[in-house]
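Engineer: Here is how the chains run, residue by residue.
Protein chains: 2
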Amino acid sequence: MTSLPCEFELIERYFRPLAKAFPGAYGLNDDAAVIAPLPDQELVAKTDALVAGVHFLPDDPAELVARKALRVNLSDLAAKGAAPRAYMLDLMLPSTVTEEWIAKFVYGLAQDQERYGVHLIGGDTNMTPGPLTVAVMAFGDIERGRMIRRSTAARGDAVFVTGTIGDAALGLEVLHGRAPNLGASVANVLIDRYRLPQPRVVLGRRLLGLASAAIDVSDGLLADLRHVCEASNVSAVIETVRVPLSAAARAAIGADPRRIATVLTGGDDYEILFAAPPSVAGVLAELSEEVRVPITAIGRMEAAPIGSKAQVTMLDESGKPLALRREGWTHF
Amino acid sequence: MTSLPCEFELIERYFRPLAKAFPGAYGLNDDAAVIAPLPDQELVAKTDALVAGVHFLPDDPAELVARKALRVNLSDLAAKGAAPRAYMLDLMLPSTVTEEWIAKFVYGLAQDQERYGVHLIGGDTNMTPGPLTVAVMAFGDIERGRMIRRSTAARGDAVFVTGTIGDAALGLEVLHGRAPNLGASVANVLIDRYRLPQPRVVLGRRLLGLASAAIDVSDGLLADLRHVCEASNVSAVIETVRVPLSAAARAAIGADPRRIATVLTGGDDYEILFAAPPSVAGVLAELSEEVRVPITAIGRMEAAPIGSKAQVTMLDESGKPLALRREGWTHF
Chain A
1 MTSLPCEFEL
11 IERYFRPLAK
21 AFPGAYGLND
31 DAAVIAPLPD
41 QELVAKTDAL
51 VAGVHFLPDD
61 PAELVARKAL
71 RVNLSDLAAK
81 GAAPRAYMLD
91 LMLPSTVTEE
101 WIAKFVYGLA
111 QDQERYGVHL
121 IGGDTNMTPG
131 PLTVAVMAFG
141 DIERGRMIRR
151 STAARGDAVF
161 VTGTIGDAAL
171 GLEVLHGRAP
181 NLGASVANVL
191 IDRYRLPQPR
201 VVLGRRLLGL
211 ASAAIDVSDG
221 LLADLRHVCE
231 ASNVSAVIET
241 VRVPLSAAAR
251 AAIGADPRRI
261 ATVLTGGDDY
271 EILFAAPPSV
281 AGVLAELSEE
291 VRVPITAIGR
301 MEAAPIGSKA
311 QVTMLDESGK
321 PLALRREGWT
331 HF
Chain X
1 MTSLPCEFEL
11 IERYFRPLAK
21 AFPGAYGLND
31 DAAVIAPLPD
41 QELVAKTDAL
51 VAGVHFLPDD
61 PAELVARKAL
71 RVNLSDLAAK
81 GAAPRAYMLD
91 LMLPSTVTEE
101 WIAKFVYGLA
111 QDQERYGVHL
121 IGGDTNMTPG
131 PLTVAVMAFG
141 DIERGRMIRR
151 STAARGDAVF
161 VTGTIGDAAL
171 GLEVLHGRAP
181 NLGASVANVL
191 IDRYRLPQPR
201 VVLGRRLLGL
211 ASAAIDVSDG
221 LLADLRHVCE
231 ASNVSAVIET
241 VRVPLSAAAR
251 AAIGADPRRI
261 ATVLTGGDDY
271 EILFAAPPSV
281 AGVLAELSEE
291 VRVPITAIGR
301 MEAAPIGSKA
311 QVTMLDESGK
321 PLALRREGWT
331 HF
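Going down the list, the sequences are from chains A and X. Taking our numbering, I'd label the letters of the first sequence as residues 1 to 332. Taking our numbering, I'd label the letters of the second sequence as residues 1 to 332.
Honestly, the hints are just simulated from the structure, not real lab data. For each residue, glycine too, the CB sits at the ideal point set by N, CA and C. Treat the hints with care, as some may be off.
Derived DSS-like pairs (lysine-lysine); straight-line CA-CA distance at most 30 Å [what the hints assert, rightly or not]:
(1) 20(X) with 104(X)
(2) 309(X) with 320(X)
(3) 309(A) with 320(A)
(4) 20(A) with 104(X)
(5) 20(X) with 309(A)
(6) 104(A) with 20(A)
Listed next, the stretches of chain X that the computed footprint assigns to chain A, with coverage defined by at least 3 CB atoms under 8 Å from CB atoms of chain A [claimed, not checked]:
(7) 31–39
(8) 103–115
Chain X regions said to be covered by chain A (calculated; three or more residues, Cβ under 8 Å) [as the list claims (entries may be wrong)]:
(9) 51–64
(10) 69–80
(11) 86–93
(12) 146–160
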């Protein structure tokens with residue numbers, strides 16, 4: 001009925017080694033794990049699940065699926081200022097999954113455990129008649145009461161974003177065959193950004209005390225900025241010419257200027273969008289140099305109109321508001 | 001494309017109210033939740049996922065699916081001696097799911113939040129082209145270093161089990177139409193036990209300081225006892241006539257004595273199987289009375305054979321070892 005070893009053997013061979021350095025995981029040999037925050041800290045907890053055919057392509061390499069599933073969660077922790085420490089993993093496996101696939105998936109996890117200093121502490125594997133589904137729950141440490149919220153942006157704050165925006169969404173267009181006019185090297189850069197997010201874990205931790213509010217960009221710059229604005233009851237004005245673009249994204253937009261909408265609303269960026277007082281701009285510039293991650297000011301927060309919802313306005317190069325077709329990317 | 005409101009509206013209407021009493025959930029209006037153990041305590045974390053058609057039947061009532069998904073996780077916390085406090089939830093929804101289904105699912109969660117004193121603190125909803133899938137991650141509090149392990153049973157311990165064993169597995173037989181000779185009232189009792197586990201949350205907490213090792217019975221009495229024995233390096237001898245059976249299970253076995261194998265290996269019991277020194281039998285009897293949950297001694301732990309794996313022996317009424325066909329129930 002299946003080409004896989006039984007669950008116990010899978011755990012023994014593949015998953016247990018991922019848990020060996022975390023004492024409270026008990027070698028995945030108990031019913032539950034124990035985790036406690038460091039002194040004077042508390043835990044930040046996040047879960048996000050990926051479904052084949054919805055959040056990644058069914059033939060994406062197993063290592064990349066594993067790393068993406070972990071990284072989309074680490075990205076949330078980073079945006080909150082937390083230091084990632086541990087995660088749990090639920091795997092729903094179709095009967096077509098082979099032991100080789102599992103081995104590669106686990107290899108991807110091992111690479112990112114090393115890179116980000118996190119450990120597997122528990123999980124569950126199940127068969128499914130449906131698509132491969134990966135649910136990750138990640139835990140990070142943060143000083144008590146210090147989590148960077150969505151809801152604490154203030155009028156007068158500048159709006160910043162890390163890295164570059166739009167690459168992943170353009171990469172997905174390429175994978176769907178909707179960008180045939182792009183050269184191979186541009187296409188590959190964009191695809192890589194879709195398949196393997198780069199959560200801003202080191203930088204996020206350093207935003208404690210600098211950012212007044214933050215969110216990771218997963219639904220799209222416009223939609224996630226709106227989340228911050230609505231939670232904080234402020235309006236944002238963004239100068240879209242200042243939104244940081246990679247050379248690949250610039251090439252893609254050069255070939256078809258309508259792609260700016262994909263960039264601003266597409267999602268899957270896993271950058272950090274944050275608000276901060278303009279007075280910290282200098283400190284942020286030094287931090288950007290130090291951790292080698294671009295930080296770009298793209299706009300400002302203003303008072304929300306009295307008696308109406310917070311607004312997000314995206315201005316084009318001539319200062320006119322852009323009318324964008326989509327409000328980010330939800331999975332419905 | 002779908003009959004459901006968008007994710008944001010689903011959260012607003014249905015899930016946010018489940019989070020309102022837990023400050024660190026921030027009304028599900030941020031990217032992550034904050035949780036800290038009580039003073040001198042640590043967190044016990046567990047995740048288990050359920051897939052329609054694998055762990056529950058696709059037409060099971062939504063309330064019961066929700067409660068089962070939560071309860072199978074609370075059962076693990078209970079067996080570890082932890083007091084449940086919070087949970088996260090990933091929902092993978094096929095496009096056939098209606099808003100009415102969600103409303104009922106959330107109603108089931110609300111009922112059990114009230115019953116067990118837990119709160120939703122985060123989650124993720126996604127569409128899936130596959131079967132409905134529910135992943136829950138539960139958190140409980142426990143005094144630092146006190147989690148009841150699997151691996152700490154000692155030779156000379158008595159083996160105890162709570163409640164009755166086998167009802168859920170027999171209920172599944174009924175649902176599959178493999179027990180046509182049972183009366184409706186017997187059948188319904190068994191089906192209820194399959195659909196709605198009764199995690200021993202109050203009792204589990206009281207086993208701290210009494211049980212030397214514990215596990216919740218989900219894979220089957222035989223398989224879960226083997227987990228304890230292998231982790232603890234002790235052998236178990238069980239007198240199967242002492243395994244506690246409900247009147248319904250006794251009726252089912254009366255109609256077909258081969259069903260004893262289903263009872264001992266079937267799984268989904270969500271009772272607590274534990275080892276404890278015989279000297280605490282009196283205290284356990286009083287505890288059983290107080291919390292109104294049967295606790296039955298069913299056997300003993302012995303030294304494992306030198307140089308070989310821990311053994312589990314199930315004796316029949318004449319003291320002869322039973323040969324059981326299956327070793328519990330794995331999902332592969």
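Engineer: Holds or violated: are the alpha carbons of residue 309(A) and residue 320(A) at most 30 Å from each other?
Structural biologist: Holds. Residue 309(A) to residue 320(A) sits at ~21 Å (cutoff 30 Å).
Engineer: Starting from residue 20(X), check that the Cα of residue 309(A) is at most 30 Å away, please.
Structural biologist: Judged against 30 Å, a Cα distance of about 22 Å means the pair holds.
Engineer: Test coverage of the region 146–160 of chain X by chain A using CB-CB distances below 8 Å; three residues minimum.
Structural biologist: With 4 residues in contact (Cβ-Cβ under 8 Å with chain A), the coverage given for the region 146–160 of chain X holds.
Engineer: Taking 30 Å as the top limit, are the C-alpha atoms of residue 20(A) and residue 104(X) close enough?
Structural biologist: Answer violated: residue 20(A) to residue 104(X) is near 41 Å, above 30 Å.
Engineer: Given the hint that residue 104(A) pairs with residue 20(A), test it: the Cα-Cα distance must not exceed 30 Å.
Structural biologist: 19 Å, holds
Engineer: Quick check: the region 103–115 of chain X, covered by chain A? Criterion 3+ residues, Cβ under 8 Å.
Structural biologist: violated (count 0)
Engineer: Mind checking, does the region 51–64 of chain X have 3 or more residues with a CB under 8 Å from chain A?
Structural biologist: With 4 residues close enough to chain A, the hint holds.
Engineer: Are the Cα positions of residue 309(X) and residue 320(X) separated by 30 Å at most?
Structural biologist: Distance ~21 Å between residue 309(X) and residue 320(X) Cα, so the pair holds.
Engineer: State whether the coverage of the region 69–80 of chain X by chain A holds or is violated, taking the criterion as 3 or more residues with Cβ-Cβ distances under 8 Å.
Structural biologist: holds (count 4)
Engineer: How does the coverage statement for the region 31–39 of chain X fare against chain A, requiring three or more residues with Cβ below 8 Å from a Cβ of that chain?
Structural biologist: holds (count 7)
Engineer: Straight-line Cα separation of residue 20(X) and residue 104(X) no greater than 30 Å?
Structural biologist: Judged against 30 Å, a Cα distance of about 19 Å means the pair holds.
Engineer: Three or more residues of the region 86–93 of chain X near chain A by CB distance under 8 Å?
Structural biologist: With 4 residues close enough to chain A, the hint holds.
Consistency note: the structure conflicts with the earlier hints numbered 4, 8.
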